[in-house]
Each structure stands twice: as C-alpha cells, then as structure tokens.
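**Q** Sequence:
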Amino acid sequence: NNSCPGTPIAFVSTSTGVGPLVYAWNLNAVATPSSSTLQNPSGVIYPPTIGNTSTNYPIKLVVTDAYGCKDSVITNVIVKHKPEANLILDPFTTGNFSFVSPNTFTRCNATSPYTLTVANNSSTTNSNYFINWGDTSTNYNNAASFTSLPHNYTFNGFRSLTHTVTNSNGCTNTQNFIIYIGSNPSISMPNPGSTTGQCSPKSYSFSISGFASNTPGTTYKIESNDKGVDTIFPHPPPSFFNKTYFNHSCG
Numbered sequence: 001n002n003s004c005p006g007t008p009i010a011f012v013s014t015s016t017g018v019g020p021l022v023y024a025w026n027l028n029a030v031a032t033p034s035s036s037t038l039q040n041p042s043g044v045i046y047p048p049t050i051g052n053t054s055t056n057y058p059i060k061l062v063v064t065d066a067y068g069c070k071d072s073v074i075t076n077v078i079v080k081h082k083p084e085a086n087l088i089l090d091p092f093t094t095g096n097f098s099f100v101s102p103n104t105f106t107r108c109n110a111t112s113p114y115t116l117t118v119a120n121n122s123s124t125t126n127s128n129y130f131i132n133w134g135d136t137s138t139n140y141n142n143a144a145s146f147t148s149l150p151h152n153y154t155f156n157g158f159r160s161l162t163h164t165v166t167n168s169n170g171c172t173n174t175q176n177f178i179i180y181i182g183s184n185p186s187i188s189m190p191n192p193g194s195t196t197g198q199c200s201p202k203s204y205s206f207s208i209s210g211f212a213s214n215t216p217g218t219t220y221k222i223e224s225n226d227k228g229v230d231t232i233f234p235h236p237p238p239s240f241f242n243k244t245y246f247n248h249s250c251g
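Numbering (this note's numbering), first residue to last: 1 to 251.
In case anyone wonders, no lab produced these hints; they're calculated from the structure. What you are looking at is a predicted structure, and each value in this text was computed from that prediction instead of being measured. We treat Cβ as the ideally placed atom computed from N, Cα and C, and that holds for glycine. Treat the hints with care, as some may be off.
Have a look at the derived ranges for each label pair, beta carbon to beta carbon [to be verified]:
#, residue 1, residue 2, range
1, T94, D230, 34 to 40 Å
2, I74, P234, 41 to 47 Å
3, I74, S3, 17 to 23 Å
4, P48, T147, 35 to 41 Å
5, T219, P33, 40 to 46 Å
In silico SDA-like pairs for lysine to any residue, Cα to Cα no more than 20 Å straight-line [stated by the list, open to error]:
#, residue 1, residue 2
6, K221, F211
7, K243, T215
8, K243, G197
9, K243, Q175
10, K221, G197
11, K60, Q39
12, K60, S42
13, K202, V229
Please put together the full structure from these sequences, using the hints given.
**A** If you want it as structure tokens, here you go:
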C-alpha cells in the first residue's frame, strides 16, 4: 500500500470462522490479476499514472464459511503516481543530433567533439534528474530542472544513454536511448567478370572491400533481381560474397 506503480502488492486476510473458509477478492478491474480466491493473494500490479499525487483503488473481500455465512470488507489500496520522463532534443539548438524513432539520437558527418543538447520536457514536479551519458564522463545528477543541457561525445559508433527522473512521491521513471555517431559508409563490390552469355545455374564470387573505416553499427544489404532473398551483413561484412543464379536474364 502507498507504493510506486509497478510494485507487486500483497494482501492478507485475517478472517476467522468455521472452516474451510472461501475467499473472493475483487482487486479492482484495472489490477493484474483483477480477482483472486487465495487467502493471501500477492504479486498484484496496478497500472502506472503520470503525476505527483496518488490513486485510491477500492478493494473488496467476501469470505464465506462452511455454513454459507458471508461477511465482506471494503478497503482502498493507494498507488503513487510516477513522474513523466521526457528527455528530448533541444529544439532551439542548431547542428544538434537527429532523432530516429523509436529511441535513437544520431549524428553523421560531423567533427569531434559531437555535441548533443537535450531538454527536459517533463510535465511533473520532480526532485531529481539523472543522466548516464553512456561514455566515461561524469553522470548528470541534479535536483534542479534544466531547459537545455549540452554534452560532448568523442567516440564513433553506438552508446546507451539512460535518463531517470524522480518525482516528489519518490517514484522513478526511466528512458533508454541509443546514441549513434558515424559517417556516410563506403563500400566496393566490383563486377567479378564473365557475367554475360552464361548458362544458369551460374555461381559468382564477389569481392567486397573499402569498408574498413565504416562506423561500428553499419549494416550492408546485397540485393539481387533474380527472385532471390536479399542478404544483410553486420559490420564488418565478409571479404567475399558467393551467389548462385538459378534464373536466366533472357527476355
């Protein structure tokens, strides 16, 4: 009771009478589970609500004894609201990172250091803001809100950014982002030769090169118009790609 959303709640019945007793809990329609026949149900979860106060959920227990006599009690369980964690790119900063849905901040073809500028767009009254930038720098940990907060990165590739907000209830809410810094990739896959006047099926070995300087996280997609399945490689791709063509290209 009086817990943060997502915290499993346990209920205890101290009912007495001629047994065996039968228990019928109505834990509220929004709860998971919403009902129980156990004497002491546990692990009950109530949905989160954004805010700074709390919500009272009515709970009803009906107990039936061995003779069919019943008694009931109604009480409330109090669930605190959680804060809104809403970290966004600062819309007033030029040359900022770009946002790629659902949770990635990207920057391409820029010069180090790469400055990410974020803004707090939370609608709740919060007591603490924590940002783990995902690199070796000091985490941001401050009770004061912020409108614009810059951070410099010097790496290329992927990192993880975590943003955690604590409200006046003492409840927390966390956002997880991916930081990606890279450049336009390069690749070379020249014609292997002898590609005309051949009979199917025909196999070719394609040389792949020029990818060494590409950023970690780059993906490579090889498409073919012979009704085959596209092939996707993570970085780094293989030095050779072998392909057998079973369909001819004649009209």
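**Q** Now look at each hint and say whether the structure bears it out.
**A** Quick rundown of the hints versus the structure:
Taking the beta carbon of each, T94 and D230 are about 37 Å apart, inside 34 to 40 Å as hinted. Distance hint check: the CB atoms of I74 and P234 are about 57 Å apart, inconsistent with the given range 41 to 47 Å. For I74 and S3, the hinted distance range of 17 to 23 Å is satisfied, since their beta carbons lie about 20 Å from each other. Taken as a hint, the range 35 to 41 Å is violated for the pair P48 and T147, whose Cβ atoms sit roughly 26 Å apart.
Checked against the given bound of 40 to 46 Å, the beta carbons of T219 and P33, roughly 42 Å apart, stay inside it. Taking the CA atoms of K221 and F211, the gap is about 13 Å. The hint holds against a cut of 20 Å. About 26 Å separates the Cα atoms of K243 and T215, which puts this hinted pair outside 20 Å; it is violated. Taken as a hint, the K243 and G197 pair is honoured in the structure, with Cα atoms around 17 Å apart against an allowance of 20 Å.
A hinted pair counts as satisfied when its Cα atoms are at most 20 Å apart, and K243 with Q175 does not qualify at roughly 43 Å. As the CA atoms of K221 and G197 are separated by approximately 27 Å, the hinted pair breaks the 20 Å bound. Restraint check for K60 and Q39: the C-alpha separation of about 13 Å stays at or below 20 Å, so the hint holds. Under the criterion of a C-alpha separation no larger than 20 Å, the hint pairing K60 with S42 is consistent with the structure, at around 15 Å.
With a C-alpha separation of about 16 Å, the suggested pair K202 and V229 falls inside the 20 Å cut-off, and the hint holds.
When each numbered hint is compared with the structure, violations occur for hints 2, 4, 7, 9 and 10.
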